[in-house]
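Mind docking chain B on chain A? Use the hints.
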Amino acid sequence: MFVKQLTVFLENKVGSLQEITDILRENNINVFSISLADTSEYGLLRMIVSNPELGREQLCNAGISARLTDVIAVRLENRVGTLAELFNVIAGADIGIEYMYAMATSKTGAMILKTNNQEKTIAALQAARIHILDENTMYHLQ
Amino acid sequence: MTALQSARLVKLVNRVYHNVEYYRKKMQQVGLEPGDIKGIEDITKLPFTTKNDLRDNYPFGLFAVPKTEIVRVHASSGTTGKATVVGYTRRDIEVWQECVARTISMADLGKDDIIQIAYGYGLFTGGLGAHYGAENLGATVVPMSTGNTKKLVTMMVDFGVTGIMCTPSYLLHIAEVIDEMGQMDNIKLKAAICGAEPWTEKMRLQIEEKLHIRAHDIYGLSEVMGPGVACDCKYHKGLHIAEDHFLPEIVDADTLEPVADGVTGELVFSTLTKEGIPLIRYRTKDLTSITHETCECGRTTARLSRFKGRSDDMLIIRGVNVFPSQIEAALLELGETTPHYLMIVDRVNNLDSLEVQVEVEERFFSDEIKELEKLTKKIATAIQHAIGLAVKVKLVAPKTIERSMGKSVHVIDNRKFD
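Taken in sequence, the protein lines are chains A and B. For the first sequence, counting from 1, position 117 maps to 117 in the numbering used here; every step adds exactly one. For the second sequence, counting from 1, position 271 maps to 271 in the numbering used here; every step adds exactly one.
Isolated chain A, as found in the complex (with noise of 0.2 Å):
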């Protein structure tokens, strides 16, 4: 049930983010959501994208490293409440979320989570009826 991240290493410099998403334009890749965490000197580039596996081979071979990790990707409808409600059943469950952030498509909105415990947040999720995006799914977001 997890969806695959593209997290990328920057060094903190003009035009480090430019590179990146031209390699992934170059190869058709489209970003869904993408989110920076910065430090003072480096910072760190979580995306989800069409195609995450030839986005990490693309970008490894321009010599920049990048990664795949398992993330959760939970469809939110868009209705007062919904945060509220994946909360409750997160913090209920005993779990803490290491990150997250927010993704919009013209007609999906879900939030990205990397919990301390990623196997017990789906079982809490899908207990609590909340809608998790698989990777077919997320793929081929329109």
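To be clear, the hints were calculated from the coordinates, so they are not data collected in a lab. Even for Gly, the Cβ is constructed at its ideal location relative to N, Cα and C. Warning: the hint list may mix true and false statements.
Ranges between beta-carbon positions, derived for each pair [stated by the list, open to error]: (1) Glu333(B) - Cys60(A): 22 to 30 Å; (2) Asn30(A) - Ser325(B): 27 to 35 Å; (3) Asn30(A) - Thr381(B): 37 to 45 Å; (4) Arg363(B) - Asn30(A): 53 to 61 Å; (5) Cys60(A) - Val411(B): 27 to 35 Å; (6) Glu85(A) - Arg363(B): 21 to 29 Å; (7) Gly309(B) - Leu36(A): 39 to 47 Å; (8) Thr105(A) - Lys374(B): 30 to 38 Å.
For chain B alone, kept in the frame of chain A given last:
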């Protein structure tokens, strides 16, 4: 002097030939018998000794006396993981004290003075070497060590300290703290004896002007003895060598042939009187020149000109000897990064800083910042263990550290020594 040096050299060669297997083998290899060395004119017949020889015989292989005779050991950085260990007999400690006492006299300090020792105490020869020398002279010694500069300044004022021994960069830092504490008019400092790291004439004058004192340049290295091998007098026309104990030579760093007075080359020492770990033609890798002219102060000992650098890649950071190869060894041992690294040495507010940039490869990095921070810390700790200095580690993208065709560029030294 030549007669004394010759007599001592003959004795030294006999001693090491009979007591140290390493020297015996090395002399036998070139077909030398102790009897072939009749005086210092024969010195060039003898093979050289290097830091690597000390490493290969780690820890005590080059000691020339039974271990019961060794009363102390000191150690400095080796070129890789292993330290360079030296041992002293009671007599060696006495000679060392006397040599350091001579340097303190050269700085016009004596038994009526109160001297702060602000070198690190411990395996490093700076602290204990300076301490014993000052005590031997009869001065009142304040063993400050390094670290708490405000306390040092407070005591400097309260005790009426008249002399200080420390690294020149630390003294400039101390001067700033004195200023900050508004105590510049309350210090009684007359002279400083500074060494253990390269510094320039400009820096020496800067210290003199700032603190209204005389600043003297002391030289030494643990393999040969420690501080006190040479020091400049109040005329500052070169460093007087204690050549009754340490026979100097200057050789061309490439051909290893002796060069004339005034010509820059690599400094080589033979320890004429040392018992614990006597060294024959030890290559210091320090570049300088020598003069035998009598100094204005009246001393007739040979003098070394200001040091002009190193013939190897050793760096001296905050008085600590650092070899880039140590960093590489630490990274390889850790096994969690590539061994590609870049050292950036700088001097900020008169204190040396060391940043090590390490490339993060795909297989080593994580999607979580806290894991990367853990990795950074781990690398910093490993390097700190290896070189004995705190470092700042910076993770950089792969392939960003320059690789040259031959020797890769591992060091950027932004400190100015001229």
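Now for the hints, and whether the structure bears them out:
Range check, Glu333(B) to Cys60(A): about 26 Å between beta-carbon atoms, so the 22 to 30 Å window is met. A hinted range of 27 to 35 Å for the beta carbons of Asn30(A) and Ser325(B) is inconsistent with their spacing of about 47 Å. Between Asn30(A) and Thr381(B), the C-beta spacing of about 42 Å keeps the proposed range 37 to 45 Å intact. For the hinted restraint 53 to 61 Å between Arg363(B) and Asn30(A), the CB-CB distance of approximately 27 Å leaves it violated.
Here the CB-CB span from Cys60(A) to Val411(B) is close to 29 Å, well matched to the stated 27 to 35 Å. Here the CB-CB span from Glu85(A) to Arg363(B) is close to 38 Å, at odds with the stated 21 to 29 Å. As the Cβ distance of Gly309(B) to Leu36(A) is approximately 44 Å, the hint placing it in 39 to 47 Å holds. Take Thr105(A) and Lys374(B): their Cβ atoms lie about 35 Å apart, and the range 30 to 38 Å holds.
The structure fails to meet hints 2, 4 and 6 from the earlier list, while all remaining hints are met.
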